[in-house]
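Engineer: Okay, here's what each chain looks like letter by letter:
Number of protein chains: 2
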Amino acid sequence: MRLSPAQADEYQREGYLFFPGLFTSAEVNVLNEQVPKLYAEHRRENVREKDSEAVRTNFAAHTYNDTFGRLARHPRLIEPAMQALGDDVYIHQFKINGKAAFDGDVWQWHQDYGTWFNDDDMAEARAMNIAVYLEAVNEFNGPLMLIPRSHKQGRQPAGHDVSTTSYPLWTIDNATIARLVGDGGIVAPKGPAGSMLMFHCNLVHASGSNMSPWNRTIVYLSINACTNHIRRFQRPEYIAHRDFAPIRCLPDDCLTRDEPRAAQA
Amino acid sequence: MRLSPAQADEYQREGYLFFPGLFTSAEVNVLNEQVPKLYAEHRRENVREKDSEAVRTNFAAHTYNDTFGRLARHPRLIEPAMQALGDDVYIHQFKINGKAAFDGDVWQWHQDYGTWFNDDDMAEARAMNIAVYLEAVNEFNGPLMLIPRSHKQGRQPAGHDVSTTSYPLWTIDNATIARLVGDGGIVAPKGPAGSMLMFHCNLVHASGSNMSPWNRTIVYLSINACTNHIRRFQRPEYIAHRDFAPIRCLPDDCLTRDEPRAAQA
Numbered sequence: 003m004r005l006s007p008a009q010a011d012e013y014q015r016e017g018y019l020f021f022p023g024l025f026t027s028a029e030v031n032v033l034n035e036q037v038p039k040l041y042a043e044h045r046r047e048n049v050r051e052k053d054s055e056a057v058r059t060n061f062a063a064h065t066y067n068d069t070f071g072r073l074a075r076h077p078r079l080i081e082p083a084m085q086a087l088g089d090d091v092y093i094h095q096f097k098i099n100g101k102a103a104f105d106g107d108v109w110q111w112h113q114d115y116g117t118w119f120n121d122d123d124m125a126e127a128r129a130m131n132i133a134v135y136l137e138a139v140n141e142f143n144g145p146l147m148l149i150p151r152s153h154k155q156g157r158q159p160a161g162h163d164v165s166t167t168s169y170p171l172w173t174i175d176n177a178t179i180a181r182l183v184g185d186g187g188i189v190a191p192k193g194p195a196g197s198m199l200m201f202h203c204n205l206v207h208a209s210g211s212n213m214s215p216w217n218r219t220i221v222y223l224s225i226n227a228c229t230n231h232i233r234r235f236q237r238p239e240y241i242a243h244r245d246f247a248p249i250r251c252l253p254d255d256c257l258t259r260d261e262p263r264a265a266q267a
Numbered sequence: 003m004r005l006s007p008a009q010a011d012e013y014q015r016e017g018y019l020f021f022p023g024l025f026t027s028a029e030v031n032v033l034n035e036q037v038p039k040l041y042a043e044h045r046r047e048n049v050r051e052k053d054s055e056a057v058r059t060n061f062a063a064h065t066y067n068d069t070f071g072r073l074a075r076h077p078r079l080i081e082p083a084m085q086a087l088g089d090d091v092y093i094h095q096f097k098i099n100g101k102a103a104f105d106g107d108v109w110q111w112h113q114d115y116g117t118w119f120n121d122d123d124m125a126e127a128r129a130m131n132i133a134v135y136l137e138a139v140n141e142f143n144g145p146l147m148l149i150p151r152s153h154k155q156g157r158q159p160a161g162h163d164v165s166t167t168s169y170p171l172w173t174i175d176n177a178t179i180a181r182l183v184g185d186g187g188i189v190a191p192k193g194p195a196g197s198m199l200m201f202h203c204n205l206v207h208a209s210g211s212n213m214s215p216w217n218r219t220i221v222y223l224s225i226n227a228c229t230n231h232i233r234r235f236q237r238p239e240y241i242a243h244r245d246f247a248p249i250r251c252l253p254d255d256c257l258t259r260d261e262p263r264a265a266q267a
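Same order as they appear, the protein sequences are chains A and B.
Okay, so the first sequence: first residue is 3 according to this note's numbering, each after it adds one.
Okay, so the second sequence: first residue is 3 according to this note's numbering, each after it adds one.
Please keep in mind that the hints were generated in silico from the structure rather than gathered at the bench.
The reader is advised that the hints may include incorrect statements.
Said to hold, decoys possible - Some chain A residues close to chain B (C-beta under 7 Å, calculated; not the full set):
#, residue
1, Glu-141
2, Gly-186
3, Ile-188
4, Val-189
5, Ala-208
6, Gly-210
7, Met-213
8, Tyr-222
9, His-231
10, Phe-235
11, Pro-238
12, Leu-252
Claimed, not checked - Pulled a few chain B residues facing chain A out of the computed Cβ check, cut under 8 Å:
#, residue
13, Thr-178
14, Ser-211
15, Ile-241
The C-beta atom is built at its ideal place from N, Cα and C for all residues, glycine as well.
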């Protein structure tokens, strides 16, 4: 999958691209079938919400689940990332964020690169997030909110918030958010299960709580240019990966083709 | 102001009616000028958020502020209420809810009549809320979420939640919400400052937190039929009023006409 020149320009200018319904229902079903058993396990890769047993985020499923391992090498995700970053790429972080009906808590305003710089010593902002919606995202189930063009203003000062939710995060102060929103506004891309959203690692984003009866599971592939790999290893490997080998894509039908996962190249 | 037969039917069927931009900018400005000084006062009528000094709700401003006193007798609010309730009406509760930028906290799923029945011994669900938006309401600043037609299913069992926010509330369990939303969906009426929303006291509603840089102040007039007045006085009078005299409306231009407030009839 190649981005058109117009899409590539839009990504650089706005900081994100949205592809509603990029994956078919059949492909989404294959992924969704895996989630309950992943979330049911009691292992360090599952971080639960502050006030409930609901899983807030699952880390690194691609390293121990064959189906998500295929997704992490899917050409509809990896090829646009390689194109936008102009380099071979690897997975820096892999999350399945729950945002469960009624229980899903907020993610405060932040840039992912803030964390990757502060915690992992990633040298440059040559990385991105790719989100795959495993359920429909609407205005009520805690959609991701993006501040368009905020990535153009570089890395913002951030404070380490260890109390608001169950997961520590480098977050951005209100005055900065007000200024960035004044310039770029806020968008919240909504769409059916199977939609894909790619956004720059310096794009400021957040999401509200989910008070609706609809789950809002999203897979996030955080993708880094191979030559930009991290240089500090203070976080556990399942949170900040250390395998910097270039990803080799699987065929486009890898999620629904019924055969064993190909060996990693 | 009269509701058309179609509007009156819609209110009975759906449980709410929305009038975008019912008040002019000039009228909204007159109201907004009063809010900062009301919120700045340290008095029992101001309830602040759990984790900040931001005002969550101000009670009974119509009893001690001339401008909001006029709003409480405005024909664009009171006449539709009289028509829908088929009776003379009085103000049971009057709130200016802050939902401040960044700080505004959630209101859990609830019916107002649950509280009015449990706490105030209001005999029947012959009451409503009228909301006047003092700022534009968009998808990001914590819009009110309504479950259409939920009022048709009567008063739901409720539990007294005294911990989630700074204000105790009779709230409805998740299974009931899921069932009601399955039937009616969720709507969040969005519109400019000056918009008016009227909804049945048994309509189930909630609102999310406000993570945006935009305030979302809303005035709520809770209006009860005079013959349905409350019979228990355990809550303070500034929260559950005890003046059951029928409201006599002021002229339609009462907010912008520069003369002293007319004496209460």
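Engineer: Each of the hints needs a verdict: does it hold here or not?
Structural biologist: Results for each hint:
no.	hint	verdict
1	Glu-141	holds (5 Å)
2	Gly-186	violated (12 Å)
3	Ile-188	holds (5 Å)
4	Val-189	violated (10 Å)
5	Ala-208	holds (6 Å)
6	Gly-210	holds (5 Å)
7	Met-213	holds (6 Å)
8	Tyr-222	violated (19 Å)
9	His-231	violated (33 Å)
10	Phe-235	violated (33 Å)
11	Pro-238	violated (29 Å)
12	Leu-252	violated (37 Å)
13	Thr-178	violated (10 Å)
14	Ser-211	holds (6 Å)
15	Ile-241	violated (25 Å)
Hint compliance for this structure: hints 2, 4, 8, 9, 10, 11, 12, 13, 15 are broken, all remaining hints hold.
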